[in-house]
Amino acid sequence: MVDAKASPEPILRILTDSSDYANLLDFARHLTTGYFDQVVRHWQPGPIPVRCGQEVSGEVDLSACLRRAVAIWNSGTRDPWFVVDESATWGVRLLHYRDSRLRPPLQAQLTRQDVHGNPVRMNIRVGDNYRTSRDTTYVIRGMVHELAHTLLLWGHSTDREHCLWGAAPPLVKEPSQDERKAAQLLRDLPVGLDLKDYRVLSASE
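Just so you know, we're using the working numbering here: the sequence shown kicks off at 19 and counts up by one.
No lab work stands behind these hints: they were computed from the structure.
Cβ-Cβ distance ranges computed for the label pairs, FRET-style:
(1) Arg178 to Gln125: 16 to 26 Å
(2) Trp108 to Pro208: 14 to 24 Å
(3) Val74 to Gln125: 18 to 28 Å
(4) Val209 to Thr155: 33 to 43 Å
(5) Asp103 to Gln127: 15 to 25 Å
(6) Val209 to Ala106: 16 to 26 Å
(7) Asp215 to Thr176: 19 to 29 Å
(8) Thr107 to Ser37: 37 to 47 Å
(9) Leu30 to Leu120: 39 to 49 Å
(10) Arg217 to Asp117: 45 to 55 Å
Please read all numbers here as calculations on a predicted model, not as lab measurements. Quick reminder that beta carbons are idealized off the backbone N, C-alpha and C, glycines included.
Kindly produce the complete structure, drawing on both the sequences and the hints.
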């Protein structure tokens, strides 16, 4: 188990496949250290709406790439993470900066929160950095990476087998089981829970 100084209940200690992290809580804390300061935040209940639009950059159908990334995240899950909904008034929107080269070329951006700090709207910003059909594979991988951020896994991983690997563009085409479990852990924990109140037990405890 994982102890808490002041928490409603202990969190089960679940090991990760990656040797870079002590366990799933350690991984989740690492990925929420930045923007959310290790405090659990939630979207509204249900799948997160995604507005893909009809965006094209040269030979690359950016909207189709995002729809494919949504399908990859939803694959094999009982409850889908996302739903494509072009009429949604909250959730995630693809924002294409035409005739602009962005650094980084893809970036998730939190644009609106409620009074409690929970997300209401996010953009996935993309420029015209990708122009040829050969880029499509890398755009899909990048979209998978950015969708992980929209699931409030805001940090980057040190494991190159993770879609959130931060040292370079993603090398993998889908999220790892560690990343899926971390996203599920955050969704299952009560909103407002401060993960800094927990200490990770060693294997001998």
